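Undergrad: Quick mapping for you: the protein sequence lines, in order, are chains S and X.
Counting in my numbering, the first sequence runs from 1 upward without gaps.
Counting in my numbering, the second sequence runs from 1 upward without gaps.
Hints listed in this document are in silico derivations from the structure and should not be mistaken for laboratory results.
Treat the hints with caution; some may be incorrect.
Between beta-carbon pairs, the in silico distance windows are [said to hold, decoys possible]: (1) S:249 to X:343: 52 to 62 Å; (2) S:200 to X:374: 52 to 62 Å; (3) X:288 to S:242: 51 to 61 Å; (4) S:169 to X:43: 25 to 35 Å; (5) S:19 to X:308: 50 to 60 Å; (6) X:339 to S:232: 35 to 45 Å.
Owing to the predicted nature of the structure, the values given are computational and were not obtained by experimental measurement.
Ideal placement from N, C-alpha and C gives every residue a C-beta, glycine not left out.
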Amino acid sequence: MKIIVCIKQVPDTTNVRIDPETNTLIRSGVECIINPFDMYAIEEAIRLKEKFGGKVIIVTMGPPQAEDALREAISLGADEAILVSDRAFAGSDTWATSYTLSRVLNKIGDYHIIICGKQAIDGDTAQVGPGISAHLDIPQITYVKRIEEVTSSRIRAERMTEEGYEIIDSPLPCLITVVKEINEPRLPSLRGKIKAKKEEIKKWEAKDLEVDPALLGLNGSPTKVVKIFSPPPRKGGQIIEGDAKEISEKLVGLLKDETL
Amino acid sequence: MDYLLTEEQIMIRDLARQIAREKIQPVAAKYDAEGIFPWDIVKVMSDSDLFGVYIEEKYGGTGGGCMELVLATEELSRACGGISLALAATALGTYPIILFGTEEQKQKYLPDLAKGKRLAAFALTEAGAGSDAAAVATTAQKKGDHYILNGTKQWITNGGEAEVYTVVASVDRSKGARGAACFIVEKGTPGFEFGKKEDKMGIRASCTRELVFTDCKIPRENLLGKEGGGFIVAMKTFDQSRPGVASQALGIAQGALDLTVAYIKERKQFGKHISSFQGVQFMLADMATEIEGARALIYATARMVDSGAKKISKDSAIAKLFASDMAMKVTTDCVQLFGGYGYMRDYPIEKYMRDAKITQIYEGTNQIQRAVIAANLLKEKAA
Numbered sequence: 001m002k003i004i005v006c007i008k009q010v011p012d013t014t015n016v017r018i019d020p021e022t023n024t025l026i027r028s029g030v031e032c033i034i035n036p037f038d039m040y041a042i043e044e045a046i047r048l049k050e051k052f053g054g055k056v057i058i059v060t061m062g063p064p065q066a067e068d069a070l071r072e073a074i075s076l077g078a079d080e081a082i083l084v085s086d087r088a089f090a091g092s093d094t095w096a097t098s099y100t101l102s103r104v105l106n107k108i109g110d111y112h113i114i115i116c117g118k119q120a121i122d123g124d125t126a127q128v129g130p131g132i133s134a135h136l137d138i139p140q141i142t143y144v145k146r147i148e149e150v151t152s153s154r155i156r157a158e159r160m161t162e163e164g165y166e167i168i169d170s171p172l173p174c175l176i177t178v179v180k181e182i183n184e185p186r187l188p189s190l191r192g193k194i195k196a197k198k199e200e201i202k203k204w205e206a207k208d209l210e211v212d213p214a215l216l217g218l219n220g221s222p223t224k225v226v227k228i229f230s231p232p233p234r235k236g237g238q239i240i241e242g243d244a245k246e247i248s249e250k251l252v253g254l255l256k257d258e259t260l
Numbered sequence: 001m002d003y004l005l006t007e008e009q010i011m012i013r014d015l016a017r018q019i020a021r022e023k024i025q026p027v028a029a030k031y032d033a034e035g036i037f038p039w040d041i042v043k044v045m046s047d048s049d050l051f052g053v054y055i056e057e058k059y060g061g062t063g064g065g066c067m068e069l070v071l072a073t074e075e076l077s078r079a080c081g082g083i084s085l086a087l088a089a090t091a092l093g094t095y096p097i098i099l100f101g102t103e104e105q106k107q108k109y110l111p112d113l114a115k116g117k118r119l120a121a122f123a124l125t126e127a128g129a130g131s132d133a134a135a136v137a138t139t140a141q142k143k144g145d146h147y148i149l150n151g152t153k154q155w156i157t158n159g160g161e162a163e164v165y166t167v168v169a170s171v172d173r174s175k176g177a178r179g180a181a182c183f184i185v186e187k188g189t190p191g192f193e194f195g196k197k198e199d200k201m202g203i204r205a206s207c208t209r210e211l212v213f214t215d216c217k218i219p220r221e222n223l224l225g226k227e228g229g230g231f232i233v234a235m236k237t238f239d240q241s242r243p244g245v246a247s248q249a250l251g252i253a254q255g256a257l258d259l260t261v262a263y264i265k266e267r268k269q270f271g272k273h274i275s276s277f278q279g280v281q282f283m284l285a286d287m288a289t290e291i292e293g294a295r296a297l298i299y300a301t302a303r304m305v306d307s308g309a310k311k312i313s314k315d316s317a318i319a320k321l322f323a324s325d326m327a328m329k330v331t332t333d334c335v336q337l338f339g340g341y342g343y344m345r346d347y348p349i350e351k352y353m354r355d356a357k358i359t360q361i362y363e364g365t366n367q368i369q370r371a372v373i374a375a376n377l378l379k380e381k382a383a
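In isolation and in its complexed conformation, chain S is listed as follows (with noise of 0.2 Å):
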């Protein structure tokens, strides 16, 4: 079975700053991360692999320092890594982002699953790993919690909804997303450290993909940001005390004058 596993490197952001002159994030001087989400995917992949056989192949998208992202992922356990780097990427939204990473999958063929971390922490969007899926034109599973079934042509997991949850059976190739609730990740043991510290990262840049360069980079993505600021602080709520009659009294007389 050959599973790909789509990851992001990110600031850590448990320690982000903003800058309040700007209102953009200080990357300076901050860590960079695996996605958390991403790390919950790694772990699927390695776990099917080590049920199924197989190879867990790692692809970023990202500058020349995400390569340490894929070493950590080898260190966990996957077998071969390949970074997106190119500056005709830079700028990339998510339409360009899903865009490049499908033409990669294209390159790398014959997979079986796709795993997605659900939204990278940066940007919060959830929208790559489903972009990807419809950039290839196969079938997705988001926000999954528990993958039941696996054969050789089919999957069957469990994903989560606001209500409760769904049981999808999909035929493969299939592109799923994975939510934290599915597994706890591993700790990178000394011998995949050793293995990552040595690993040949795979580099792969525009030239080395079938893609329509219009396509891609600032150029290629339809999302513009105009701002990016603070939201203003909430401002308190109000407690209206007692008993149940004054209280309901009190609150339709405040949603009357709210003129809601």
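Following the hints, put chain X in place on chain S, whose structure we already have.
TA: The following block gives chain X in isolation, referenced to the frame of chain S:
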């Protein structure tokens, strides 16, 4: 301080640090309170290859030595000096096989120990034989191609949880220390049972039990080294393992200092953080200095051990003595800086002080270390 560690040593340090922070720290208080053996953490350490860092590659380890074990033990002990012992005490029980095992014994036992599939323990101490190791009363009587073990070992770390025991017993009590021999005894051998689990002051996540041998039949091929060589096995084992105990003490002290630095930056008295008081700062500086001194000494000793140096008893004893006395002093001062809160079990700092104490006592009390150091010193000067 940059100790110019190799790439692999840095990996071991970082990996052990990650396990300590992510897996051990959150459960350390629970294991301390309940005194249960941390099998789930042992699984994590074993999956991460930490049990093999001091064992040769051909026996399933990653090929390091004393230095690698020291680095792993130090980092794990920063989070819990009891949980780290599952690894350190296994190493203590494994060293006799590494040092004195035949090729067959190594092939049979080391791979599982290197993977952490089985834990080990070393058994020397008895009710009447601790510092006076030559007074061992457990007997091993030779009968054909077997030995029959009788006697009781006391305060054995990993006792009951480990599956491989290296046990010192006397084959001829009339010869004292020269009548001792060391044997490999597997858990489950008929006549080998466990006594009560001790209720300890500290290192409560580590388990300490009696080993009871009643006509326990051990095959002859389980003899480690020679008949009469048991005392040498014990002494050579301690020479190797003392830097490990020293690193446990070092980790406990560092962990306590880490917590203390964070605390004094939060705690306010007289309208200021107590970290702004010079009296507090001086204590902090002294602790950091003593910790770094111990670390430099331990690393230097471990590297000397790994170089294959023959005469290591004195330096190994110096490292253990200095680091454990340092840890007791530092953890006591850390509790002091936490003040009344430090004395309360709701705060994590008092555990460090309780855990530190044992490092002055076991694997040779610090008085025995001084005796070893002095004896070597006098011998060197005489020559």
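Undergrad: For every hint, state whether the structure bears it out.
TA: Hint check:
Here the CB-CB span from residue 249 of chain S to residue 343 of chain X is close to 54 Å, well matched to the stated 52 to 62 Å. One distance hint, 52 to 62 Å for the beta-carbon pair residue 200 of chain S and residue 374 of chain X, holds here, with the actual separation near 56 Å. Range check, residue 288 of chain X to residue 242 of chain S: Cβ separation about 58 Å, and the 51 to 61 Å hint holds. For residue 169 of chain S and residue 43 of chain X, the hinted distance range of 25 to 35 Å is satisfied, since their beta carbons lie about 34 Å from each other.
For residue 19 of chain S and residue 308 of chain X, the hinted distance range of 50 to 60 Å is satisfied, since their beta carbons lie about 56 Å from each other. In this structure the supplied range 35 to 45 Å holds for residue 339 of chain X paired with residue 232 of chain S, their Cβ-Cβ distance being about 41 Å.
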